[in-house]
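2 protein chains.
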Amino acid sequence: MAEAATVRRSRITPEREAELYEAVLDLLREVGYDALTMDAVAARTRSSKATLYRQWGGKPELVVKAVRHSKPGPFEGVDTGTLRGDLHAHMEQTDDCEMEQNAGLMRGLAMAVHNNPDLLREFREKLVEPEMAEFDRVLQRAVDRGEIRADNPALGYVTHMMVGAFVARGLIEDRPPTRAFLTSYIDAVVLPALGVSANR
Amino acid sequence: MAEAATVRRSRITPEREAELYEAVLDLLREVGYDALTMDAVAARTRSSKATLYRQWGGKPELVVKAVRHSKPGPFEGVDTGTLRGDLHAHMEQTDDCEMEQNAGLMRGLAMAVHNNPDLLREFREKLVEPEMAEFDRVLQRAVDRGEIRADNPALGYVTHMMVGAFVARGLIEDRPPTRAFLTSYIDAVVLPALGVSANR
Numbered sequence: 001m002a003e004a005a006t007v008r009r010s011r012i013t014p015e016r017e018a019e020l021y022e023a024v025l026d027l028l029r030e031v032g033y034d035a036l037t038m039d040a041v042a043a044r045t046r047s048s049k050a051t052l053y054r055q056w057g058g059k060p061e062l063v064v065k066a067v068r069h070s071k072p073g074p075f076e077g078v079d080t081g082t083l084r085g086d087l088h089a090h091m092e093q094t095d096d097c098e099m100e101q102n103a104g105l106m107r108g109l110a111m112a113v114h115n116n117p118d119l120l121r122e123f124r125e126k127l128v129e130p131e132m133a134e135f136d137r138v139l140q141r142a143v144d145r146g147e148i149r150a151d152n153p154a155l156g157y158v159t160h161m162m163v164g165a166f167v168a169r170g171l172i173e174d175r176p177p178t179r180a181f182l183t184s185y186i187d188a189v190v191l192p193a194l195g196v197s198a199n200r
Numbered sequence: 001m002a003e004a005a006t007v008r009r010s011r012i013t014p015e016r017e018a019e020l021y022e023a024v025l026d027l028l029r030e031v032g033y034d035a036l037t038m039d040a041v042a043a044r045t046r047s048s049k050a051t052l053y054r055q056w057g058g059k060p061e062l063v064v065k066a067v068r069h070s071k072p073g074p075f076e077g078v079d080t081g082t083l084r085g086d087l088h089a090h091m092e093q094t095d096d097c098e099m100e101q102n103a104g105l106m107r108g109l110a111m112a113v114h115n116n117p118d119l120l121r122e123f124r125e126k127l128v129e130p131e132m133a134e135f136d137r138v139l140q141r142a143v144d145r146g147e148i149r150a151d152n153p154a155l156g157y158v159t160h161m162m163v164g165a166f167v168a169r170g171l172i173e174d175r176p177p178t179r180a181f182l183t184s185y186i187d188a189v190v191l192p193a194l195g196v197s198a199n200r
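First to last, the sequence lines map onto chains A and B. With my numbering, letter number 130 in the first sequence gets 130, and the count goes up by one each step, no holes. With my numbering, letter number 81 in the second sequence gets 81, and the count goes up by one each step, no holes.
The hints are simulated quantities; they were obtained by calculation from the structure and are not laboratory data. Fair warning: there could be bad hints in the mix.
Where chains are identical, the list cannot tell them apart; a pair therefore holds if satisfied intra-copy or between any two copies.
Said to hold, decoys possible - Computed cross-link-like contacts, SDA-like style, restricted to lysine to any residue with a CA-CA straight-line distance of at most 25 Å: (1) Lys126 - Arg107; (2) Lys65 - Thr82; (3) Lys126 - Glu173; (4) Lys65 - Asn152.
So here's chain A without its partners, still in its complex pose (with noise of 0.2 Å):
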């Protein structure tokens, strides 16, 4: 099985994988998850369906894949020696422009995920989970490096205090989020909960 796997994967190079990825990211931004069909990609990216199916299994996955495709690990490469240097460096890596459509992007697949399980499981597994992870692998080496007592109760909270500012944004000021917006909500609210100065 596994290599059947990587044969029919051998079939797709990664330039053509991507331009797929894009097709459906495109494709999402205009129809939105409900009203995407796997038809419609299908055509978009001259493919046939049973490739697609074959290839990704399903919808969400390959909605859930794409996603993931377009914007890399948060923190991929990122260990500056402070954790405000590793959020600001996080921040770093995604101009306004795509933040932007980030947003738009989850905005959608967060109200889908509502009314889709399948969805739902792979957004969780395939993104929320791993980004969280470098979250917190990012927060115990500010543990160990001892800048956060291991025991502040904030350090269970970091993710939502992020992704709040990232949607509250759109939701109080119709706003999309900006860099500079995220990196002075980070030393304005993530470091002084987390008991860290701004100012190092």
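Given chain A, work out where chain B should sit, using these hints.
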């Protein structure tokens, strides 16, 4: 005009008004904002569409009024003498079941406002801005009492933190926000970010 409006309004008793708002919220939960029609509201409440339009002006106004009617102002009658007391009292006003219903409603509306400029305007003017103003009053009292430094940068982000926790709970944990969760979030995140001890 004002007198005519008063005469018209007086035809609807507060009980009838409450009943009507309840029906709007039920419909909103069942079909969502976009699929909700004034015809359906009229049928469900046995009113004429003309009455609905005359009384409320339109769908965005009616929906936002219904939502606003269902939840008290966040700090109505609350003034405990400490910020922590005020924020905790705010949480006591809503039970977990109502909170879950509110979260669902707000999720639907947050999605809908992005495609409906009229709804967005009503939503901001009648719900978001009044709630933020109430939060600001509570925070100003804490500044006046000397609990928070007037130049604390987290002061501008308190509603972001709160809305964020509310929304992120569903997104990250796929669980509705509960009173216990939000109260512990206040103690772990909001108060420390504001430089207020959570032990007072």
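Hint check results:
1. Lys126 - Arg107: For Lys126 and Arg107, both the intra-copy (17 Å) and inter-copy (22 Å) Cα distances are at most 25 Å.
2. Lys65 - Thr82: neither (31 Å within a copy, 48 Å between copies)
3. Lys126 - Glu173: This pair counts as between: shortest inter-copy Cα distance 14 Å, intra-copy 30 Å.
4. Lys65 - Asn152: The answer is neither: 34 Å in one copy and 41 Å across copies each exceed 25 Å.
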